[in-house]
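For reference, the chains in residue letters:
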Amino acid sequence: MTATPVLDALPAGSRERLALLGREVSFPAGALIFEEGGSADRFWIIRSGSVALTVHVPGRRPPTVETLGPGDLLGWSWLFPPYEWHLGAEARGPVRADEFDAPTVRVLCVEDLALGYALAQAVARVVADRLKATRMRLLDLYGPSGSGSMP
Amino acid sequence: MTDSGRSAAVVIGKDGLAALVEVLVERGRTVIGPTARDGAIVLAELASAEQLPYGWGVELEAGHYRLRPREDGMAFAHSAGPQSWKTYLHPQRVRQWSAERGPGGEVTLRADSDPAPSYAFLGVRPCDLRAIAIQDRVLTGGTYADPAYRDRRDGAFLVVVECTDPGATCFCVSMGTGPGVGEGDDEGYDLALTEVLDDAGHRFWARAGSAEGAEVLALLPRQQGLGTVAAEATATAARESVTAAAGRMGRSMPPVSLQRLMAGSLDAKRWDDVAARCLTCGNCTMACPTCFCTTTEDVTDLTGDHAERWSTWDSCFDLDFSHLHGGPVRESARSRYRQWLTHKLGTWHDQFGSSGCVGCGRCIVWCPVGIDITEEAAALHAETWSMLESPEGGARP
Amino acid sequence: MTTPVPYEVVRWESETADTATVALRPAGAALPSFRPGQFAMLYAFGVGEIPVSVSGISRADQGLVHTIRAVGAVSGALYGLRPGTSVGVRGPFGTDWDLPAARGHDLLIVAGGIGLAPLRPVVVDALAEPDRYGRVNVLVGSRTPDELLYRAEIGHWSTATAAHVAVTVDRPDDRWTGEVGVVTALLHRARFRPHGTVAFVCGPEPMIRATARDLVHRGVPAQRIRVSLERNMRCATGHCGHCQLGPLLVCRDGPVLGWDRAEPLLATREL
Numbered sequence: 001m002t003a004t005p006v007l008d009a010l011p012a013g014s015r016e017r018l019a020l021l022g023r024e025v026s027f028p029a030g031a032l033i034f035e036e037g038g039s040a041d042r043f044w045i046i047r048s049g050s051v052a053l054t055v056h057v058p059g060r061r062p063p064t065v066e067t068l069g070p071g072d073l074l075g076w077s078w079l080f081p082p083y084e085w086h087l088g089a090e091a092r093g094p095v096r097a098d099e100f101d102a103p104t105v106r107v108l109c110v111e112d113l114a115l116g117y118a119l120a121q122a123v124a125r126v127v128a129d130r131l132k133a134t135r136m137r138l139l140d141l142y143g144p145s146g147s148g149s150m151p
Numbered sequence: 152m153t154d155s156g157r158s159a160a161v162v163i164g165k166d167g168l169a170a171l172v173e174v175l176v177e178r179g180r181t182v183i184g185p186t187a188r189d190g191a192i193v194l195a196e197l198a199s200a201e202q203l204p205y206g207w208g209v210e211l212e213a214g215h216y217r218l219r220p221r222e223d224g225m226a227f228a229h230s231a232g233p234q235s236w237k238t239y240l241h242p243q244r245v246r247q248w249s250a251e252r253g254p255g256g257e258v259t260l261r262a263d264s265d266p267a268p269s270y271a272f273l274g275v276r277p278c279d280l281r282a283i284a285i286q287d288r289v290l291t292g293g294t295y296a297d298p299a300y301r302d303r304r305d306g307a308f309l310v311v312v313e314c315t316d317p318g319a320t321c322f323c324v325s326m327g328t329g330p331g332v333g334e335g336d337d338e339g340y341d342l343a344l345t346e347v348l349d350d351a352g353h354r355f356w357a358r359a360g361s362a363e364g365a366e367v368l369a370l371l372p373r374q375q376g377l378g379t380v381a382a383e384a385t386a387t388a389a390r391e392s393v394t395a396a397a398g399r400m401g402r403s404m405p406p407v408s409l410q411r412l413m414a415g416s417l418d419a420k421r422w423d424d425v426a427a428r429c430l431t432c433g434n435c436t437m438a439c440p441t442c443f444c445t446t447t448e449d450v451t452d453l454t455g456d457h458a459e460r461w462s463t464w465d466s467c468f469d470l471d472f473s474h475l476h477g478g479p480v481r482e483s484a485r486s487r488y489r490q491w492l493t494h495k496l497g498t499w500h501d502q503f504g505s506s507g508c509v510g511c512g513r514c515i516v517w518c519p520v521g522i523d524i525t526e527e528a529a530a531l532h533a534e535t536w537s538m539l540e541s542p543e544g545g546a547r548p
Numbered sequence: 549m550t551t552p553v554p555y556e557v558v559r560w561e562s563e564t565a566d567t568a569t570v571a572l573r574p575a576g577a578a579l580p581s582f583r584p585g586q587f588a589m590l591y592a593f594g595v596g597e598i599p600v601s602v603s604g605i606s607r608a609d610q611g612l613v614h615t616i617r618a619v620g621a622v623s624g625a626l627y628g629l630r631p632g633t634s635v636g637v638r639g640p641f642g643t644d645w646d647l648p649a650a651r652g653h654d655l656l657i658v659a660g661g662i663g664l665a666p667l668r669p670v671v672v673d674a675l676a677e678p679d680r681y682g683r684v685n686v687l688v689g690s691r692t693p694d695e696l697l698y699r700a701e702i703g704h705w706s707t708a709t710a711a712h713v714a715v716t717v718d719r720p721d722d723r724w725t726g727e728v729g730v731v732t733a734l735l736h737r738a739r740f741r742p743h744g745t746v747a748f749v750c751g752p753e754p755m756i757r758a759t760a761r762d763l764v765h766r767g768v769p770a771q772r773i774r775v776s777l778e779r780n781m782r783c784a785t786g787h788c789g790h791c792q793l794g795p796l797l798v799c800r801d802g803p804v805l806g807w808d809r810a811e812p813l814l815a816t817r818e819l
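First to last, the sequence lines map onto chains Z, L and G. If you count by the numbering used here, then the first sequence holds residues 1 to 151, one letter each, in order. If you count by the numbering used here, then the second sequence holds residues 152 to 548, one letter each, in order. If you count by the numbering used here, then the third sequence holds residues 549 to 819, one letter each, in order.
Quick caveat, the hints were computed from the structure, so don't treat them as lab data. Here the structure is a predicted model, which means the values were calculated and not measured. Keep in mind that a hint or two might mislead.
[Unchecked claim] Chain G stretches covered by chain L per the calculated footprint, using a threshold of three residues with CB under 8 Å from any CB of chain L: (1) 631-641; (2) 778-792; (3) 795-801.
[Stated by the list, open to error] Between beta-carbon pairs, the in silico distance windows are: (4) G:D566 <-> L:G190: 53 to 59 Å; (5) G:P648 <-> L:G327: 55 to 61 Å; (6) L:A397 <-> G:A577: 52 to 58 Å; (7) Z:P62 <-> G:D566: 26 to 32 Å; (8) L:G292 <-> G:A710: 43 to 49 Å; (9) G:D566 <-> L:P268: 29 to 35 Å.
Idealized CB from N, CA, C, for every residue including glycine.
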């Protein structure tokens, strides 16, 4: 069983309540799961397969910013206004995932504040991890100077 | 000769000191000792004891050194000069190996095999004797021994002269390294002398600390024989003047564990204060008798087929010292002064089992802006202490 | 300082545009045997000497393998050496990864950039005796697909052994089908029991710090996170003073040490 950091971070009762809202979906290889600027009305927890987060750049293949895999949360823009995707997501092979309807989850968060807080914190944790990872990559540590252990 | 015989003391006069230099030269040794030159007491090769700085003393302060004539004509009534014995035992430039590249590109490497000179050091102060022992531990005491240093050191004959007139920058008492030496075979010297000048005359209480020391001592003309009343009186006078010297130290270190103080002061504000004054010139490291750091230099001749590797003194104050492909690890003056001081007084214990400071005061004297190691340690102590006493810091332990 | 012993370059393989792996064999008497994690001082004739970790140990012919990235004068000269030429070698120096002490534990080998070089012999040794260890995880971060070291060998580890091997790059090209992201992002899909794991981490210092902190957070004991550090070195025998890191001489007390000791030292700026 793959660890799912987002769900694992929730208290037991909340985890079950949220899980009830999920439905299993699958995407064929190459499927565009969402596109930049689209309405962020869903999110997924990946069960299997790999998803690329991409940016549309005219004249070249969309560069991959990051890849996500089993256990990862796909999508966090659904939690914050204006609820629009700021990247695109593409299935790099067959992908299976649990899909959640964002408006329903947002309503649940308001109704059950403890669940809402725990989920917001779990998503914030994912965002923070990705921010840290992005900063690390900004440093280009493996680049021509400043990289390596023993030269 | 028995150990008790070896440590038995005799008294020699100025003629005995002259004979000592002659005997050592006759035995094939290069005698190095203090002499007054260029407005300082420097170390140089001595052909005769007449070159010793009879009648010269020194006036020392932070960033201040003056040679002063003495009316009493004493030879060793001066404290640490600009150099130390590392000039000879751990010289500034040493060739480590030579390499030849043959026509087929094959490389032959040869360790440097110049024979070490046979030194006799005359006038080693007790603090400097401890400094030599510290460098011994660094350069020969670990997994790897520096063979060239070991050869120079093993062949050196050490004549210690106890201190009877410490300078204003001396703090050996608080470091436990002076102003006297102990008796016996494991003190690290071959001969120990104490200069005595009183109504009974100018003379030296002398005792051997090794078999060779005893052998040399036996060859010297004695002014007062073993066990005579006069010899006992000289010994007493010598001990008294060394004891008196211990009470006249110009400076002292705070009486705390400097190792713990340094380990607990890495974030002290005082580093900014001292960094604002420090020129990072590295003079303290050059003058310090224990600073041992070296860098390397690779040279080739014009054909490009003969190469040599030299090691040269280096200083942790140099920006390149900590260079790591992108740049230096220790860029700020603050971090470089902190490295020097915390190493000298603190992490030296972790690395080599003792302090790296012997209280000679050279770093204070030869600092162009007069930074005083004892003052810096005291300020760090005061800062740490005030933190412990502050309400946030809780009670004193 | 000891004098280098001549070794002959017997193989030169390009890894990336500026990195090559060279195999050395003693021209005469060999040095004592190296352990994974230890380093040699490599002398380029007339140019100078630098510390380089062993990236391979050929026990059969007492050979050494080093992966050299041309970043300075000496590493540039060493990178340019071709089969048949000579290099001076001193060593072995420093502490090693101490793989035998990890018996019975899951292994987590995390490498960033050229940090994979000192870890390669650990992977090779661990995969040679898989029964001695629990799950073996090899996580590798590279700048680009082209800058990934030992590509064929990593492919072999991945397909022909039981190890969990994952590679991630910062900047993919159009052909790259693997992961994109930092190496720490691979941790949550690795298979290891935090309390029964020994981690070996090597790469740029910020990557080491980020990885070690993440592992501590996941419950791996700090003393079982072994990291390899780098400082300026001139002699490697504890006599030149250059490699000091607080109380440590990295040439003697390192380069490999536990995170419990490394963490406070790396947390002090400009130490």
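Exercise for review: Could you check the structure against the hints above and give me the numbers of any it violates, in ascending order?
Suggested key: Of the numbered hints, 5, 9 do not hold.
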